[in-house]
Amino acid sequence: MIREYISLIIQTFPYLLSGSITTIGLVCGALGLGFVLGLPMAIGQVYGNKFISGFISLYVWFFRGLPELVLLFLFYFGLFTTLHLNLSAFHAAILVLGLRSAAYQSQIFRGSLNSIGEGQMLAALSLGMKKYNAVYDIILPQALRISIPGWSNEYAILLKDSATAYAIGVMEILTRASFVATRTYQPLPVYFLTGVIFIVLTYGGVKLLAMLEKRLKTPGFGEER
Amino acid sequence: MNTIDFISKILWPPLWEGLGVTLRLIVLAIPLGYIGGVLIASGRVYGNKLISSFCAIYTLFFRGTPLLVQLFILYFALPSINIYLSPFVAAVTGFILCSAAYHSEYIRGALQSIKIGQMMAAEAIGMTKLQAVLSIILPQALRRSIPGCSNEIIYLVKYSSLAYMVAVIELTGAGKIIAARYFEYTLVFSVVGAIYLFMVSVVTLALHNLEKKLAIPGIGR
Amino acid sequence: MSKITEGAKVVLRVENICKCFNTNEILRGISFEIKKGETKVVIGPSGSGKSTLLRCINQLTVPDKGSIWLEGEEVTHHMKDISRFRQKMGMVFQDFNLFDHLNALQNVTIGLIKVKKMDKKEAEAKAMEELKRVGLEKQACLYPAQLSGGQKQRVSIARALAMDPTVILFDEPTSALDPELIGEVLEVIKDLAEGGMTMIVVTHEMGFARSVASEIIFIEEGIVIDQGTPHKLFTNPEHERTKRFIHKIAELYGETENNQ
Chain A
836 MIREYISLII
846 QTFPYLLSGS
856 ITTIGLVCGA
866 LGLGFVLGLP
876 MAIGQVYGNK
886 FISGFISLYV
896 WFFRGLPELV
906 LLFLFYFGLF
916 TTLHLNLSAF
926 HAAILVLGLR
936 SAAYQSQIFR
946 GSLNSIGEGQ
956 MLAALSLGMK
966 KYNAVYDIIL
976 PQALRISIPG
986 WSNEYAILLK
996 DSATAYAIGV
1006 MEILTRASFV
1016 ATRTYQPLPV
1026 YFLTGVIFIV
1036 LTYGGVKLLA
1046 MLEKRLKTPG
1056 FGEER
Chain B
4 MNTIDFISKI
14 LWPPLWEGLG
24 VTLRLIVLAI
34 PLGYIGGVLI
44 ASGRVYGNKL
54 ISSFCAIYTL
64 FFRGTPLLVQ
74 LFILYFALPS
84 INIYLSPFVA
94 AVTGFILCSA
104 AYHSEYIRGA
114 LQSIKIGQMM
124 AAEAIGMTKL
134 QAVLSIILPQ
144 ALRRSIPGCS
154 NEIIYLVKYS
164 SLAYMVAVIE
174 LTGAGKIIAA
184 RYFEYTLVFS
194 VVGAIYLFMV
204 SVVTLALHNL
214 EKKLAIPGIG
224 R
Chain C
5 MSKITEGAKV
15 VLRVENICKC
25 FNTNEILRGI
35 SFEIKKGETK
45 VVIGPSGSGK
55 STLLRCINQL
65 TVPDKGSIWL
75 EGEEVTHHMK
85 DISRFRQKMG
95 MVFQDFNLFD
105 HLNALQNVTI
115 GLIKVKKMDK
125 KEAEAKAMEE
135 LKRVGLEKQA
145 CLYPAQLSGG
155 QKQRVSIARA
165 LAMDPTVILF
175 DEPTSALDPE
185 LIGEVLEVIK
195 DLAEGGMTMI
205 VVTHEMGFAR
215 SVASEIIFIE
225 EGIVIDQGTP
235 HKLFTNPEHE
245 RTKRFIHKIA
255 ELYGETENNQ
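Keeping their order, the protein sequence lines are chains A, B and C.
Counting in the working numbering, the first sequence runs from 836 upward without gaps.
Counting in the working numbering, the second sequence runs from 4 upward without gaps.
Counting in the working numbering, the third sequence runs from 5 upward without gaps.
I should point out that these hints are in silico values taken from the structure, not numbers from a laboratory.
Take these hints with a grain of salt, some might be off.
Said to hold, decoys possible - Covered stretches of chain C, as calculated for chain B (at least 3 residues, CB under 8 Å):
| # | stretch |
| --- | --- |
| 1 | 112-119 |
| 2 | 145-155 |
| 3 | 159-173 |
What the hints assert, rightly or not - SDA-like mimics (lysine to any residue), calculated; alpha carbons at most 25 Å apart, straight line:
| # | chain 1 | residue 1 | chain 2 | residue 2 |
| --- | --- | --- | --- | --- |
| 4 | B | Lys118 | C | Arg59 |
| 5 | C | Lys92 | C | Val15 |
| 6 | C | Lys84 | C | Gly70 |
| 7 | A | Lys1052 | B | Gly112 |
| 8 | A | Lys885 | B | His211 |
| 9 | C | Lys84 | B | Val48 |
| 10 | C | Lys130 | B | Leu137 |
| 11 | C | Lys136 | C | Leu151 |
For each residue, glycine too, the CB sits at the ideal point set by N, CA and C.
Next up, chain A with everything else stripped away, as it sits in the complex (with noise of 0.2 Å):
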């Protein structure tokens, strides 16, 4: 039996292996929105007055309280039909989980711009630093520096939740696997190699973050003397 499971998972390892294409795919453009969209929240957040702030937590609080499923289903088979909108299960599914992941990266960088000292804007300030030059050039290089770890499990996470993007059929690993489990007959193997690529997808993109932040870290920064 064992080689009969081994000799299927090297057959169908390329087709499970091209759907983690679209898997990533998936990943980097939901997250590339949701940064897109996430780091001006965050800022509106944090400087901006109370009535942007205000609507900015009602959108992490609505994107953040539903299901992801249901916010697939709600945009893919209702508002974008209703809107007359296109869009491919794909680019459907990048959207969603990127508004989705925008709400969640805005309180990470949230919670790094409030964690940069008050000092270093009175500083620039000072200077004669207009508040928006203060935010681009010295709280933000540090801040997202100290984003890095939480990104990263972001990055995770949005992984994981791209295997949803399953129920309205788009062609990623998940989808694929299931393909394959009904033709052979063969669930265990299929789905636990499934369970392996995501593992390996899911820990190597967070050495490669944990290396990035290694490399563009503050000498000296948060060591005790």
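Please arrange chains B and C on chain A, whose structure you already have, making use of the hints.
Here is chains B and C on its own, set in the frame of chain A:
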């Protein structure tokens, strides 16, 4: 048929039933998942090499793979080795095993953050290691891990929707059926979404109050 | 001065304790004994192994060589039974190590309830007695985070006393305290000595050592350099090294043999 009628007569009854199933899933999975987390974390920190490695591998697997893949293995793959789980049992099992792994990471971090002096003082008055862990270390560590574990509990409330993917007709599943039949996805899932938002908000508030109630006086001033 | 009755029994015997951490030889053969009612004070430079010595006595650190005897029974090589021995040896830590999630009363009762299996009412009565003894009966319901350093250390002494130990080990009990809080803790320890408690105190407080110790032991680099009554050690030490150490400490604390 107007919207109000649709919601009250056609949509609400199956959603109500689905909600009941969701609640049953959650009420079973949350406490058992948490207890599992405490056991795995304790095994990892205090167990011998064998137990500790097992707990580490367990955590690696259940945190590294999507919950959906775990559910598929439990429901679709196990039958091929003659283990047949009903959809509900498969779903609950998956939720418990998965959330135990996440809880264990928060609890493990908290256990390791307790100063070593606490254990020394407990042993110095004659407590055995087991007594010390139960009476001194765990009460403090569990309090410290409340923020992280609360987070995980809220995730579970939302991830219960994945049970639909293994044929459990809970809230999301009930919604999908009605939405597909009447082609009213936007309306149906707006209502479903509102119910989830309500549940999540209630649970968040309750956990926040719990954290306040259990706080040790004087700390954090 | 502490009371020692003539012919008092030897309560604790330390024989040739040796301990290495990695390649560092921290203790290189320490031996001494202590009789009932005696207060032995251990002094010496930082890193000389004093804290390690105390932890070897109650086996929180297991020594590489040597043995410990409590009231005639061997403590070393009996790890299975160690809880029983630890109940008879109280320990007061430099960092207090109060149980942070319990209030003062509960810190004292928990050992009685969980280890000595007393019932709650009995334990609370005894705990209140000990808290009174250290002057903290009014603070019984406060939590460690709400207490000052001196109060925390006194609770920790009460916790050790409640177990009715045969000997109490004090590991630099005042080193982590602000200067103005040191006095209240030393008072308590002095009272215990005068009441006949058998104690080993590791400390830098020379004035305290002189007034309370029945014998002072000077340890440096893991071995006993000098040993004797306070009078002998402070006015006429045998070894040059002891003389230099005492002088240095006296300078630091602004005391000399003359004006104490």
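> For which of the previously enumerated hints does the structure constitute a violation, in increasing order of number?
Replying inline: Structure breaks no hint.
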